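A.B. asks: Read off the chains here:
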Amino acid sequence: MKKKYRGCGFGFVLPSLLGVLLFIAVPFFDVVRRSFMKAASGTWAGLSNYRMVFSNTAFQTAAGNTLRFEAVCIPLLLVLSLAAALALYGLERHVRLLKSCILFPMAVPAASVVLLWKVLFHENGLLGGLMHLLHLPGADWMNTPWAFWILVFSYLWKNLGYDMVLWLAGLSGIPISLYEAAQADGAGRWQCFRYITLPNLLPSLFTISVLSVLNSFKVFREAYLAAGDYPHESMYLLQHLFNNWYRDLSMDKMAAGAVVQAGVIFMMVLLLKRAWD
Amino acid sequence: MWKKLKMIPLAVLVFVCVYPFCFLAAGSLMGKGEIQECLLAVMGDAGGYAHFPWLPRYPTCQSYVEILLDSPEFFVMFWNSVKLTAGVLAGQFLFGILAAWGFAKGTFPFRKILFTFYILLMMMPFQVFMLSDYLLLDGLHMLDTHRGIVLLCIFSPFPVFIMYRFFHQVPQALVEAARLDGASQWQVFWHIGLPGGSSGILSALVLSFLEYWSLLEQPMTFLKSKKLWPLSLYLPNIGLEDAQAAFAASVIALIPAVLVFLAGQDYLEKGIMAAAVKE
Chain A
1 MKKKYRGCGF
11 GFVLPSLLGV
21 LLFIAVPFFD
31 VVRRSFMKAA
41 SGTWAGLSNY
51 RMVFSNTAFQ
61 TAAGNTLRFE
71 AVCIPLLLVL
81 SLAAALALYG
91 LERHVRLLKS
101 CILFPMAVPA
111 ASVVLLWKVL
121 FHENGLLGGL
131 MHLLHLPGAD
141 WMNTPWAFWI
151 LVFSYLWKNL
161 GYDMVLWLAG
171 LSGIPISLYE
181 AAQADGAGRW
191 QCFRYITLPN
201 LLPSLFTISV
211 LSVLNSFKVF
221 REAYLAAGDY
231 PHESMYLLQH
241 LFNNWYRDLS
251 MDKMAAGAVV
261 QAGVIFMMVL
271 LLKRAWD
Chain B
1 MWKKLKMIPL
11 AVLVFVCVYP
21 FCFLAAGSLM
31 GKGEIQECLL
41 AVMGDAGGYA
51 HFPWLPRYPT
61 CQSYVEILLD
71 SPEFFVMFWN
81 SVKLTAGVLA
91 GQFLFGILAA
101 WGFAKGTFPF
111 RKILFTFYIL
121 LMMMPFQVFM
131 LSDYLLLDGL
141 HMLDTHRGIV
151 LLCIFSPFPV
161 FIMYRFFHQV
171 PQALVEAARL
181 DGASQWQVFW
191 HIGLPGGSSG
201 ILSALVLSFL
211 EYWSLLEQPM
221 TFLKSKKLWP
231 LSLYLPNIGL
241 EDAQAAFAAS
251 VIALIPAVLV
261 FLAGQDYLEK
271 GIMAAAVKE
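Same order as they appear, the protein sequences are chains A and B.
Each step along the first sequence adds one to the number in this note's numbering, with nothing skipped, and position 274 is 274.
Each step along the second sequence adds one to the number in this note's numbering, with nothing skipped, and position 24 is 24.
Honestly, the hints are just simulated from the structure, not real lab data.
Mixed in with the good hints, there may be bad ones.
As a list, the in silico BS3-like pairs of lysine-lysine whose alpha-carbon atoms are at most 25 Å apart [claimed, not checked]: (1) B:K224 <-> A:K218; (2) B:K83 <-> B:K227; (3) B:K112 <-> A:K273; (4) A:K99 <-> A:K218; (5) A:K273 <-> A:K218; (6) B:K226 <-> B:K83; (7) B:K83 <-> A:K218; (8) B:K83 <-> A:K99; (9) B:K226 <-> A:K218; (10) B:K226 <-> A:K99; (11) B:K83 <-> B:K224.
All values derive from a computational prediction rather than experimental measurement.
Put together the whole structure using the sequences plus the hints.
C.D. replies: Next up, the structure:
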C-alpha cells in the first residue's frame, strides 16, 4: 500500500519549485558565474572580484557594522523579549490588551514611523528637548555614533512583540506540574526559573534566534528612510553598500559581494539547523 | 508587591510601543499653524527644542481633506501599494498553499532536502539577490513595472514555511484514511488539507500583508518612474516643510495595516508561534 504513494505530493510542490528555480536559483547561479568574470569584457577574472570586495573599505565598514549590529541586537532582543514574556505570562488580566500593544509596532509601516524619527532624533528634536529638561548633554543623534544605537532601538521596538509571542509559545509548552512538583520540594522562584524554565526554553531559543536574524535584515528600511543613501558611518549597513554599488553599476563587486554574503548565511543556517533538529 | 512592581516596566514598554501612533494621530489633526509652531526648531534654525502636545489644541481635519481631495498623486501611490500587495499575496497564496501541503504531507524523495533549500532561501536578505533580480527583470523586460516586483515576491519561501507548520498538524491518520477510501490527491488536499490548515493560510496572509504593505527594497531598486511608486517610497519624500501632509499621509498609510492587525491578531499570533513549535 505504502509503495503506491511513493512520490505523491510532488505535483503540489512542483509549481512553486519551478518558480523558485527559474526566478531565484538559476539567476543566482548566473551571478555566481559572473562573480568570477569581468563584467565589462566578459573574460575570466578568477578571484580578483573577491579580492576587490574584501579590500574595499566601504565593504569592511558595512560588513563590520552589520556584524556588530547582529551581535548587539540579537542577544539584547532575546533577553528583553524573554523578560517581557515572563512578565506577561504570570498575569491574569489584561494579557490580550498588553500583547496587542506590544505587537502593535509590527503593523506600523516603516514609512509611517520615519516622521517620528525625524522629529524625535533631530538635534533640536523631542529627545534633545527631553535631555535638556533633565540637564543631560544632547547630541545630533543621527549624525554621531548614536545613530547605531537608534538603529538598535528601532529594531528592538519593531521586533520585541514578535519575539515575545515566540517565547510565550515556548513557555506555554512547559507543563505546570513541573513547577508544582518543584515547589512542593521547596524550590524558590529563582530556582524554578533556573532549573525548569530556562532548560525547557532551550529548544525555542534556536528558532527564535533564526527568526530574529531574519527580521534584522529589515531594519534597513527604517535606516534608509530616515537617513538616506549615506547615513552616519556607524549605521552604514551592507544593504546601503549594495544600493550604492547598484547605482554605480558595479556589477563585479555586487556579484562577488552577493556570493560572499550568501556563503556566510548558508554556513550559519547549516550550523543552526544542526542545533535545531 | 512583585506583581505591582513589574507593571511599571510593562507600562513603559506599552507606552513606547503605542506612542508613535498617538504622535501621528495628534499631528494629523493639527492645523498648519499649530504644527509649524511645534516643529519650528526641527524645521529651521530657530533654536530651542521641538515640543509636541498630546492632543491638538485646535483639532481640524484640514490635512486629511487636503491630501484626500487636493493631491491626486497620493491616490495613485495608495493604489500602487494596493496593487502590489494584492498581486503578491494572490501569487503567494496560490503557489504557497500547494507547496506547503506538498512538503507537509508528501512522501516524494528529497523532500527534506528541498525544504531545507527553501529555508535557506528564506534566510537570504534582499541584497544577495539584488543583482540576479536585476538581470532577471532586465532579461524579461520587466524593469520598472509592477509585474516585475510581483514576480520577484510571489515565490518567497516564507509563507510556505509558515503554512507548512499548520499543514503538518493535520492528523496523518485522517489523510491516510481518505486515501484508503480512494480519495484522489486533489480531493485529500481540498477536503482535508484546506479546512485543516485554514488558520495557517490566514496567518501567512496576515504576516505577508504586514510585510508587503511596507515593502521598500524591491520597489526602490527596480521602479524608476515615480508614478509607479508605492506609498512606502513616497511618504519619506514629503519633507518636514510639508509636515501637515506628511502626518495625514502617514496615518492613511497606517490604517490598512492597523485594520488587518486588529482583525487578524489571533492569526498573527498563531503565525508567529507556528515557527516556534517543534515538529
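A.B. asks: Work down the list of hints and note, for each, if the structure agrees.
C.D. replies: So, going through the hints one by one against the coordinates:
At roughly 22 Å between alpha-carbon atoms, K224 (chain B) and K218 (chain A) fall within 25 Å of each other, so this suggested pair holds. Taken as a hint, the K83 (chain B) and K227 (chain B) pair is honoured in the structure, with Cα atoms around 13 Å apart against an allowance of 25 Å. Distance restraint check for K112 (chain B) and K273 (chain A): the Cα-Cα separation of roughly 12 Å lies within the 25 Å cut-off, and the hinted pair is therefore satisfied. Note on K99 (chain A) and K218 (chain A): the hinted pairing holds, with a Cα-Cα distance of about 22 Å set against a maximum of 25 Å.
The suggested pairing of K273 (chain A) with K218 (chain A) holds, with an alpha-carbon distance near 22 Å, which does not exceed 25 Å. Of the pairs offered as hints, the one joining K226 (chain B) and K83 (chain B) holds, with about 15 Å between alpha carbons and a cut-off of 25 Å not exceeded. Pair hint K83 (chain B) plus K218 (chain A) holds up; C-alpha atoms about 22 Å apart against a cutoff of 25 Å. For the suggested pair K83 (chain B) and K99 (chain A), the alpha carbons sit about 31 Å apart, so the restraint of at most 25 Å is broken.
Using a Cα cut-off of 25 Å, the hinted pair K226 (chain B) and K218 (chain A) holds, with the two alpha carbons roughly 23 Å apart. At most 25 Å may separate the alpha-carbon atoms for a hinted pair to count; K226 (chain B) and K99 (chain A) exceed this at roughly 38 Å. For the suggested pair K83 (chain B) and K224 (chain B), the alpha carbons sit about 17 Å apart, so the restraint of at most 25 Å is met.
Checked against the numbered hints given earlier, the structure breaks hints 8 and 10 and satisfies all the rest.
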